[in-house]
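Participant: Heads up: the sequence shown at position 104 corresponds to 104 in the UniProt record's numbering, and the numbers run straight through without jumps.
There could be a bad hint or two in this list.
When the alpha-carbon atoms are kept at most 20 Å apart in a straight line, the in silico EDC-like pairs for lysine to aspartate or glutamate are as follows [unchecked claim]:
(1) K110 <-> D39
(2) K88 <-> E53
(3) K99 <-> D54
(4) K81 <-> E93
(5) K112 <-> D37
(6) K57 <-> E78
(7) K26 <-> D15
Restraint ranges, calculated between C-beta atoms of paired labels, are given here [unchecked claim]:
(8) A86 <-> K57: 17 to 27 Å
(9) E53 <-> L113: 28 to 38 Å
(10) A16 <-> E103: 46 to 56 Å
(11) A105 <-> M83: 25 to 35 Å
(12) G69 <-> K36: 24 to 34 Å
(13) K23 <-> Y63: 46 to 56 Å
(14) A89 <-> R56: 19 to 29 Å
Simulated from the structure, these hints should not be mistaken for lab results. C-beta: ideal position from N, C-alpha, C; glycine also.
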Amino acid sequence: MRGPRTAAIAHKKPDAEMLKKRKAEKNTKKDKASKKDSDAPKRPSSAFFIFMEDFRKSFKENYPDQKSGPAVGRAGGEKWKSMSDADKAPYAEKALKRKADYEQAVRAYKTKLNGNGCNEPREESFQSTSEIHDETGQEASS
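Generate the whole structure from the sequences, applying the supplied hints.
Facilitator: Spelled out as structure tokens, the structure:
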């Protein structure tokens, strides 16, 4: 059971400035979320979701009259929990392969964004570019 509110809190109304600040905060949060790049590679599925891809197909074949999505997810989750690690191993291997492919795609995407074709930072040299060109020219002429 709730206790009585104090009069100061019960009658306090938010001022217009506070409401504007709250709206501005909500808008900035939406802007940050919408900045996701659509060209970026999609994250790989986990072992469970790879299992669910196969399970959905077999579930639809066995229960064609069952159209409910939550029922399929519930049944798949129960089966996944009951599986041993040995049964889950093929799905874990597929997940690792997809993760490796994803990491490779991310590296390629980042080099594409950088535009220089090299992902690692360049080593700093204490020589100017003209000194470097002079050295290579001397080596070629000797």
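Participant: Run through the hints listed earlier and report the numbers of any the structure violates, in increasing order.
Facilitator: Of the numbered hints, all hold.
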